[in-house]
Structure formats: structure tokens, C-alpha cells
Amino acid sequence: DAKTTQPPSMDCAEGRAANLPCNHSTISGNEYVYWYRQIHSQGPQYIIHGLKNNETNEMASLIITEDRKSSTLILPHATLRDTAVYYCIVRLYTGANSKLTFGKGITLSVRP
Amino acid sequence: NAGVTQTPKFQVLKTGQSMTLQCAQDMNHNSMYWYRQDPGMGLRLIYYSASEGTTDKGEVPNGYNVSRLNKREFSLRLESAAPSQTSVYFCASINSGNSYEQYFGPGTRLTVT
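Protein chains in written order, with the working numbering: chain A, 228 to 339; chain B, 68 to 180.
No lab work stands behind these hints: they were computed from the structure.
Please read all numbers here as calculations on a predicted model, not as lab measurements.
Take these hints with a grain of salt, some might be off.
Under the rule of at most 30 Å between Cα atoms (straight-line distance), these lysine-lysine pairs were calculated in the BS3-like manner [as the list claims (entries may be wrong)]:
id: 1; chain 1: B; residue 1: Lys124; chain 2: A; residue 2: Lys331
id: 2; chain 1: B; residue 1: Lys76; chain 2: A; residue 2: Lys331
id: 3; chain 1: B; residue 1: Lys76; chain 2: B; residue 2: Lys138
id: 4; chain 1: B; residue 1: Lys81; chain 2: A; residue 2: Lys230
Modelling step: build the complete structure from the supplied sequences, incorporating the hints.
Now the structure itself:
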């Protein structure tokens, strides 16, 4: 699985958009970009995934650059409950042995 | 559905003691995983089971054994606990036929003194 690089931390004001960057310059053509988050030492929670098109769901939007070497997770209206560690992961779409490899993630702090 | 459940939630062991961490899922998932997370670090894969009856080593398998008891249950055993195994242990499962979302349990916080 391709390696990802994320800044260690960032913050944003409550109600504003949080844009979390991720670099994955060695991603291969059949690898997807996944985002998970971990709130206060709970088990990680799936947020969103994508291959090359931008994706949106009820939690977030995922913007992937045309060359697929980087992506941005967007939380459109951050709340205090969004304070968490966010992990950007690239992996093959399917197969039990295409494992999730977690780095240190980016710690997002949402301030009142 | 309860999702992924883990027992116990907390455990303190002395060096050399053994114990088994239990994990169960009620989502009829094929694949199950055990991770550990040390303070300030990401999760590291210990073992996984692609399907009932199969298990494979992950990134950090030394000092652990696993058993896929049936489709629902996947246990992790520490035969002789060491202080280096102090960590939070997470179990996860996925439907490998549609494997985009891995579901995690709440974790077991283990301290080895």
C-alpha cells in the first residue's frame, strides 16, 4: 500500500470549513484513498473513500487532485465534536488482505 | 446490531501472565482484524483472519496468537505478557466482498506491569 503524509495538527473555528490535506505521491492506479477518524481513543470510524472523482457524503467531501498524488478532506461546517485524529490511508479496494495501514494522522482541534 | 464488541474493556496483568482478548461481530462479516495502538501512534496490525478458518500475521505478530473460533468471533491471546505489550487493542471486521468500510470495536486497554 502507498504511503501517505499528513501534517501533524491543525485547528479551525467552529462553524467554518476544515480542510485536511494528505499527500500520497506513490499511489498506484488501483488504490483508493480512504479517510478514517478517531475521537478520543475510541475505535476509528470510516468517513469516506474515493478513487479519482470527488466524493461527498453526509459527513464530508473528498477532493482528489487530477494526478491523484494528493487529496483534501473537507468538513464543511466543523463542530466541537469533530475534534479528532484523522487518518488518510491508501489501499486496494477489496480483498481481506489489502489491509489498512494507519500512520499518525492529523489532529484536528475545533475551537469555539 | 451491536456491531463489534470487545471484552474486557480494561485489564491489568503482571509480567508473564496470560490472557485472551475476546472480539465478536454480529454483521456477518467475513474478515476480522486485531490492531494495537500505543500512545501517540497510529494503529498497527497484529493478526487478521480473511475468513473463518484462516489467520495471517500482520505487522507486529510476535508475542500473540489468534483463533477464529467461528464467523462471529476472533480472539487474541497473550501467552506470556510483557510490559511492551501495554497498549490499547482494537478489533475490527469487514465484509470482504464489499470492503470499503472497516468497523472497529471500542478497544481493550491493557496494562502489563
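Consistency of the hints with the structure:
no. : hint                   : result
1   : B:Lys124 with A:Lys331 : holds, 22 Å
2   : B:Lys76 with A:Lys331  : holds, 23 Å
3   : B:Lys76 with B:Lys138  : holds, 22 Å
4   : B:Lys81 with A:Lys230  : violated, 37 Å
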